[in-house]
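Protein chains: 2
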Amino acid sequence: MQDSPEYLARKKFFNRLLTIYGRKPCLEALQDKHVQVYRLHLSESNKPAPILDEIIALAKARGAEVLYHDKRQLSHISKNSKQDQGIAMDLVLAGFTEHEDYLADFTPGEHTFIALDSVTNPQNLGMIIRSVCASPATALILPRKGCAKLDALVIKASAGTLFKAPVIRCDTLMSCLQAFKTKGACVVGLALDAKTSLENESSAGTRIYVLGNETDGISPDVSRLCDEQLKIPMRNGVESLNVAVTASLIAFRSLLRQ
Amino acid sequence: MQDSPEYLARKKFFNRLLTIYGRKPCLEALQDKHVQVYRLHLSESNKPAPILDEIIALAKARGAEVLYHDKRQLSHISKNSKQDQGIAMDLVLAGFTEHEDYLADFTPGEHTFIALDSVTNPQNLGMIIRSVCASPATALILPRKGCAKLDALVIKASAGTLFKAPVIRCDTLMSCLQAFKTKGACVVGLALDAKTSLENESSAGTRIYVLGNETDGISPDVSRLCDEQLKIPMRNGVESLNVAVTASLIAFRSLLRQ
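Residue numbers (numbering that gives the first Met the number 0), protein chains in the order written: chain A, 0 to 257; chain B, 0 to 257.
Hints are computed from structural coordinates only; laboratory data are not their basis. Any given hint could turn out to be false.
If several chains are the same, the list does not tell them apart, and a pair holds so long as it fits within one copy or across any two.
Below, simulated DSS-like cross-link-like pairs (lysine-lysine); rule was C-alpha separation at most 27 Å, straight line [to be verified]: (1) 230 x 32; (2) 230 x 81; (3) 230 x 155; (4) 194 x 59; (5) 32 x 70; (6) 194 x 163; (7) 46 x 23; (8) 230 x 23; (9) 59 x 163.
For clarity, every value in this text was computed on a predicted model and none was experimentally measured.
Next up, chain A with everything else stripped away, as it sits in the complex (with noise of 0.2 Å):
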């Protein structure tokens, strides 16, 4: 029953739900013409309100389905009663693929993948799924432990290229860094004490790039998980990039080559 091709298909919709809560941040997604809802949860004991009435709208013209609960139910929905405010959204993250997935189908070949250590800061989670969806990158690995919640901040720094961007979801980076090398990729840290500079580096194969957290870098763990190590050269004493920039000039460094 649990391997039927239906029970998969409907496990691999469900992983690409995206949850959020909250009126204003509902409200602000719906008006995002990327976003793509699937299912719209209210709460039975809510009040009438005109920001309800505009989502309900909204949503419906976007063809979502409109749930009630009790609101027992939602909050097991939201997971955050204090602050759902009585009402819970669906999104579907189409470019999401959980590594599992991803790797059954993988072909090994000329890719250029970015994974995230424990990027915390939700602006460059946002920039970063932004740049990469928008780069010849093959997609973004985010693990669901360490890095920041997708949440509305993360949706309005990505400029709603989170609806589409390839990302490969995994539980920690460790197990699908594992995975990876299984395949024969290469996994290159970038570190600010690297002696490989990023204008020497050769570049070919499959090469997962990690980057680590906006103050204490890479893991140890992840680290020595790390075939090779790359720094960005910078002048004039500049002691580090934003994570941000950095993701980006790796994932477009394939077009200014050319």
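Mind docking chain B on chain A? Use the hints.
Quick look at chain B alone, frame taken from chain A:
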């Protein structure tokens, strides 16, 4: 008198000063090891407070002059009596030059400049300063009119690089670009609908890349001054990149091309 070498040197020095105000912004600036402090201005009416003691101690340790003024004088210095909280500070922007001074000594050659036309978000401005400072680009051209004010937000987003970044100051971008053009510079406007794409552009000589406002792009007057237009190609139907990301890709391009 107004043309004496002493007068001109003094004028150059004062053009490099940035006055900030408010207790928290001044303390945070002093906690940044990159900051150069010229003078600390205090109102005689300030009541004793631990944060003031801390600020005075840090400013003295950096060799800054500490001056006391009456409230009215201080508001002349801070230019914001409502928010100065009885304190202002003159910081030295070591890499700043007025465009007239810069062009007087300018030798045409292989130069990349990034010029900003109404970039109003302080975080974007700070990130651009940080990236240009670290990059092989020659300098950032930053007009006083239209762009975000240099304040505590910009300092923070620049990660302290504001105090050493090579920045050419002008009143308006128009007059500065015109002056550069008389020296043979080519002005290139970044535009989403440009025909020439980054990977096909020949980038010899002195080139000034103009980046426009986050929402509206380059203003019509500046656009008419551009000799060429350039776009960054984008995949997945992404409409635009963050302006700081665009600036970084242009600024680091010569490095990535090698």
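| How would you label the pair residue 59, residue 163 (within, between, both, or neither) given a Cα cut-off of 27 Å? | within (21 Å within a copy, 54 Å between copies)
| query | Is it within, between, both, or neither for residue 46 and residue 23, if the alpha carbons may be no more than 27 Å apart? | reply | Classified as within: same-chain Cα gap 16 Å, cross-chain 42 Å, threshold 27 Å.
| message | If the cut is 27 Å between Cα atoms, do residue 230 and residue 155 qualify within a copy, between copies, both or neither? | response | between (29 Å within a copy, 23 Å between copies)
| query | At most 27 Å between C-alpha atoms: does residue 230 with residue 81 qualify within a copy, between copies, both, or neither? | reply | neither (44 Å within a copy, 45 Å between copies)
| query | Using 27 Å as the alpha-carbon threshold, which applies to residue 230 and residue 32: within, between, both, or neither? | reply | For residue 230 and residue 32, only the inter-copy Cα distance (23 Å) is at most 27 Å; the intra-copy one is 38 Å.
| task | Using 27 Å as the alpha carbon limit, work out where residue 194 and residue 163 are close: within a copy, between copies, both or neither. | result | between (36 Å within a copy, 25 Å between copies)
| query | Should residue 230 paired with residue 23 be assigned to within, between, both, or neither, using CA atoms and 27 Å as the limit? | reply | neither (41 Å within a copy, 34 Å between copies)
| said: Please sort residue 194 with residue 59 into within, between, both or neither, judging by C-alpha distance up to 27 Å. | reply: neither (55 Å within a copy, 39 Å between copies)
| message | Within, between, both or neither: how does the pair residue 32, residue 70 come out at a Cα-Cα threshold of 27 Å? | response | Neither. Shortest intra-copy (29 Å) and inter-copy (52 Å) distances fail the 27 Å Cα cut-off.
Hint compliance for this structure: hints 2, 4, 5, 8 are not met, and every other hint is.
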